[in-house]
Amino acid sequence: MQSLTNRSRVVSKKTMNFWERIYLPAIFGGMWITIKHFFKKKATLRYPEETREFSKVYRGLHVLKRDENGAERCTACGLCAVACPAEAITMVAAERKKDEKGLYREEKYAAIYEINMLRCIFCGLCEEACPKEAIFLTDRITPSNFERENFIYGKDKLVEKIDQRIDVSGRQKHITEKK
Amino acid sequence: MNKVKLTIDNIEVEVDEGTTILNAARQIGGNIVPPAMCYYSSLKGSGGKCRTCLVKVAAGSSKDPRPMPKLVASCSTPVQEGMIVENTVNPEVLDTRKSIVEFLLINHPLDCPVCDQAGECDLQNLSYEHGLEQTRFEFEKRTFDVIDIGDKIKLHMNRCIMCYRCVYTANQITDGRVHGVMNRGDHSEISTYIEQAIDNDFSGNVIDVCPVGALTDRTFRFKSRVWFTNPQNAHRDCPTCCGKVVLWLSGDDILRVNARKNHDNEVEEFICNTCRFDKKSLSDWEIEGPTDIDRHSVISQNHYELPVIDQPKKLTP
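Listed in order, the protein sequences are those of chains A and B. For the record, in the first sequence the residue sitting at position 133 is 133 according to the numbering used here, with numbers rising by one throughout. Just add 1000 to wherever you are in the second sequence, counting from 1, and you've got the numbering used here.
These aren't lab readings, by the way, just hints derived from the structure by calculation. Quantities reported herein were computed from a predicted structural model and do not represent experimental measurements. The beta carbon of each residue, even a glycine, is placed where N, CA and C say it ideally should be. Some clues are possibly wrong.
[Claimed, not checked] Derived lysine-lysine pairs resembling DSSO-like cross-links, with alpha carbons at most 27 angstroms apart:
hint : chain 1 : residue 1 : chain 2 : residue 2
1    : B       : K1141     : A       : K98
2    : B       : K1152     : A       : K98
3    : B       : K1063     : B       : K1098
4    : A       : K178      : B       : K1223
5    : A       : K132      : B       : K1056
6    : B       : K1152     : B       : K1279
7    : A       : K132      : B       : K1279
[Said to hold, decoys possible] Cβ-Cβ distance ranges computed for the label pairs, FRET-style:
hint : chain 1 : residue 1 : chain 2 : residue 2 : range
8    : B       : N1265     : A       : T90       : 49 to 59 angstroms
9    : A       : E147      : B       : D1095     : 29 to 39 angstroms
10   : B       : L1110     : A       : K173      : 15 to 25 angstroms
11   : B       : S1099     : A       : A129      : 23 to 33 angstroms
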């Protein structure tokens, strides 16, 4: 039968000659390739002692930013949750009390803010939707864990510590340029 | 009643004599209806304040076909035989509307992320469609303190656009006026005569007629955003009102109760405060089914009901 394309090949069932039958040249050829790799640059590194350099716009673990006075920027507007294609974000809002002015920037704040890291696909739509520049993706990696519950990150893990600010200027620039 | 024929955006329509241009356009329906922030068909005397419904009258009538010299407010201009009205087809109208949105937003705080009205706000929709992306206003906006009107209603005077709808509601729906506008011009503000509590069975309706988030429900304050809730039509036997409402549910919790609104976003029948504020248990209500919400609205986001095909609105009344 005539083939429709020219891609078909006839399989050759050639019998092996003596050198091919003793396999030794092929074994040494394989060993040579293996030994060559001893002297090449390693593809892996010793994580976590060493870490790889990330792109400035890498999308990793989220952070909820504070403003320059240390007040939480998030106002629980829900735009990140409605933009999230994986529906990983949930929140409960609360009203700021008079003596909490230094803690929260707006009169409404997120009392509960949770991201399910197993659902999250790190697409970055939440930070694009955020009108308050509160949520950003950082160059940190979500650590592995044995329990599924531990992947639901609450405010204790997401909000940046006042004394350990997280630099997000790279992503911030990237998002404003995109807008 | 005599019928009058007129043309709005090249669509001919026949309406009763004495109808306003806005109501004639609403009878046609679709996107040629001018937006209205202050006019409310069920409130007498409303309209003519916000100027968002301005249209061009290209021919006054068949007897006198001269165009009207200025744009007219369609909510308060009656139709004439042979009138030709231009709304979306006239660039002058659209340009003016853009400027009017800018005016309305001059003192508006733009705190939509905090505001409970976000997602169902007329001003938000209007500025999304007609407004500028950036503000050109460089001065300080006027600010007021947040006021509690009674224990159920919150007044954010900052967000108010002075449409007077709530004042007309308080005058006409409820008996005994306790709610009005104080001062004049740029200083005018909605007030209840030194923060007196509105004490009336139907006072809660001012929340529904407010086109912005100036008057909001304190029982719903910061509970949820509207697009996370599940709106269901429901009714109950109420001795004071019709009892037909929309329940905004989250699971089995009733977060908020609203009066039902028609496709012009106006309340169909006003409801009493007992229905609105006190009946927050599912056993009080008989649920009829999901509220019809435009599928392009943010409230329909992430709701996985079967898609409702957009039905063309009726061309003739």
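Violations among the numbered hints: Failing hints, ascending: 3, 4, 5, 7, 8, 9.
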